[in-house]
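Asks: With chain R's structure known, arrange chain G on it following the hints.
Chains R and G, in that order, give the protein sequences.
My numbering applies: residue 1 is where the first sequence begins, and numbers increase by one.
My numbering applies: residue 1001 is where the second sequence begins, and numbers increase by one.
Some hints could be false.
In silico SDA-like links for lysine to any residue, alpha-carbon gap of 25 Å or less [claimed, not checked]:
id, chain 1, residue 1, chain 2, residue 2
1, G, Lys1494, R, Val113
2, G, Lys1608, R, Leu139
3, R, Lys51, G, Arg1504
4, G, Lys1273, G, Ser1228
5, R, Lys142, G, Cys1603
So, partial list: chain R residues that the calculated Cβ filter (under 10 Å) puts toward chain G [unchecked claim]:
id, residue
6, Asn15
7, Gln27
8, Phe58
9, Cys116
10, Tyr132
11, Tyr133
Sample of chain R residues lacking proximity to chain G, with all beta carbon distances greater than 10 Å (derived) [stated by the list, open to error]:
id, residue
12, Leu4
13, Gln29
14, His71
15, Gly99
16, Arg105
17, Lys149
18, Glu152
19, Arg154
Read the hints as simulated data drawn from the structure, not as lab findings.
Quick caveat: nothing in here was measured; it's all calculated off a predicted structure.
Every residue, glycine too, gets a C-beta built ideally from N, C-alpha and C.
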Amino acid sequence: MENLQDLLKKYPNLNRDSLIPILQDIQDQEGYISEDSLNKVSSHLGLPSSKVYGLATFYNQFRFSPPGKYHIQICNGTSCHIKSSEMLIREIKKTLQIGDGEISRDGIFSLEVLSCIGACGQSPVISINGEYYEKVNNLRLKEIINFYKDLEDRK
Amino acid sequence: MNDESTSELYAFLREAVLVETVGYTREMSLRLEELSRERVTKPLILVSSGTSAMVAGANKTFHTVVEYLSDRNISAETARCGFIGLGNFEPMLSVQFPGKARVIFHNIRSEKVTPLLDDVFHNNIPEEFLLGQFRNPRHEMWPSVPFVDELPFFSGQKRLLLKDCGLIDPQSISEYIARGGYRTFVRVIRNHTYQEICDVVEKSGLRGRSGSGYNTGSKWKIAYQTPSDQKYLICNAEESDPGAFMDRAIMEGNPHLLLEGIAIAAYAIGANKAFIYIRTEYAESIQRLEESIFSARSIGIFGDDIFGSGFNLDIIIRKGPGAFICGEETALINSLEGKRGMPQTKPPYPATSGLHKKPTVINNVETLSNIPLIVSKGADWFKSIGTEGNSGTKIFAISGKSAITGLIEVPLGTSLRTIIFNIAGGMEENKDFKAVHLGGPSGCVIPASELDKALTFDELKSTGAVMGSGGMIVLDDDSCMVDMVKYFMDFSQKQSCGKCIPCREGTRRMSEILDSITRKPLDENSHTTLERFKGVMQLESLANVMRDTSLCGLGRSAPNPVISSLKHFREEFEEHIFDRNCQANICTDLRTYYIGIDSCTGCSICAKKCPADAIIGTPRHPYFIVDEKCTGCGLCYEVCKFSAVFYR
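Isolated chain R, as found in the complex:
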């Protein structure tokens, strides 16, 4: 991957401080961190890949599988929680057969539960590929998911 080499050139400073920013940049570009890029980063910084992997798995931000075509983010902050976001999460998991951080088998949907989006006045909130849906209830959630399913079927 040439992009990665370019990206690594931006970090000539070969110490551990740059590790997290590099991983963040890779994830921004590719959407996830592949085994290959993880190994390259570790050899670039002269760190064992086990250390890099250990660090990456510690933080919530990094994912190791590509996100689905429609990436569903659901807020489970306190405000959303007391307005039954848990029910929505269960519903998504059930209808799409995916868990938190997973991707559906056809690669269309992936799910990420966030700790707080910060739109507590509009809770519960979900976001699909950056498009926000506020004050979602179970019925509305079904409509939204069906909308994306239809969109996919039509293609």
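Replies: Chain G only, in chain R's frame:
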């Protein structure tokens, strides 16, 4: 604006405004008034664009406004502003005509823009969706339009940090400077010594706004007095406490205020490198801060040898890769050094040995934003706000079942009753108040009987509660305490870094215990019942062990929700344990569903939808739910068109 006029403007701001502070000529004052938008020459339309406004569709609103203006060839200025504090009133739109007072409207979604602007441009202020007008002695007031500062939401507050949030264009450094910004910083680096600034802040009694409430000035002094070739200042913007968003509002609504605070703090401790450690999720804030740092650098406010004082400052934004624990000082430092965000034993405190073993001061966004105000207006002014030993204001993020959700800034020492019932307008749908949860996952539940308690660091500590970051979740009778506690414990368990055993194992066990009392056991035999009870009996002692033996604040405060709700709502726990009943009907796993024989038409839709195949029957005859198979998902209840499914 083209490059030439930008550089001319920046030169004007640098040479004339920031350096030369004695006496402005008439032209200069006029120009400053225009820059600060005190005086506008053409209509100005501001649309809020904080994250909560975005979620409510502010982007579409803004584009509709721009389209409306270009379609009708109206010459007007548009800008985006931050969050004014009214969460459920977003998106907000304000209009200011030359010479006239600014009026603000709420809940303006894109489809409402055209009728609203039609009215407004015909000099008619519609009453629908109108919030009010801003008082300004130099503007002509609109007749029969209420004043914003007379609304209970605003009149009850003392807005120091949020004063300009939602009113100014956060991206415009000229607006900030024209309103008096950065002058304090320039004065400080030219005329004051490090020691003087530390003294003022220490004397003002400003305490860290993120939890422990340690005196900020004292912390600075330790770092200042520790000899070292390199010192660091870190702004902690890792606001990962669910339900708290005051830091984000400042960063999105008035980023320069924070940057000025950082700059003064860095000067006071002698640091020439400052980091802003910010959550990755705050993409909007990151962008605003980046732009603001860039424009401040272009004016020469940051960089090398600032205003000829010999002081250098570099502000670097580092995105936190998402871990609640990184709000803890030593964990944050580890994360900045490219390690796992795990806390370390203190002492040594970061003020003597922090980032790369150099003296490091870590303050959060709200604390640092207070600094420009304290330094410019003096320690005594700051002390006059709040109570003895708890000076200044605190921003609370109120959400949940209150009528208004948003940000409220009040002097320390204000009672919860004032905040919830006077300022936030009481309860949503006039339901009964049950309790308020203050301080997020490390916070405590405060019941109705303690509503009159003054909110100060000391008062809260004396009753075992904590201020935390100031997230306030209002609960009504439809909320279940056990579920709430379970949610927080689940959060703490997921966010525990795993370094020390009391926290790693304790949060897990507590989570399991709370889980076991909020669900029906699949097979009820004497052994499982005994196991379940053993857990329940140990909940309290486990909480105490965690509190006494955990390494860092996360583990020590994780049992707080459990301890406080057991103290005030014990009967609710007992109801869950003994009766297997959740009165608020939140713990869905405890629900028992049944079909009313009289109202069921036998349409069979519930049976078809039931994921557990727990509903049996023949079409056109009443159906029946088999209790043993039912998982309590409630789908039948939702799909029934005849309201024939009930639960108890």
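Asks: Determine for every hint whether it applies to the structure shown.
Replies: Verification of the supplied hints:
no.	hint	result
1	G/Lys1494 x R/Val113	holds (12 Å)
2	G/Lys1608 x R/Leu139	holds (17 Å)
3	R/Lys51 x G/Arg1504	holds (21 Å)
4	G/Lys1273 x G/Ser1228	holds (13 Å)
5	R/Lys142 x G/Cys1603	holds (21 Å)
6	Asn15	holds (7 Å)
7	Gln27	holds (9 Å)
8	Phe58	holds (4 Å)
9	Cys116	holds (4 Å)
10	Tyr132	holds (4 Å)
11	Tyr133	holds (9 Å)
12	Leu4	holds (18 Å)
13	Gln29	holds (14 Å)
14	His71	holds (14 Å)
15	Gly99	holds (14 Å)
16	Arg105	holds (19 Å)
17	Lys149	holds (17 Å)
18	Glu152	holds (23 Å)
19	Arg154	holds (24 Å)
Taken one by one, the earlier hints all hold for this structure without exception.
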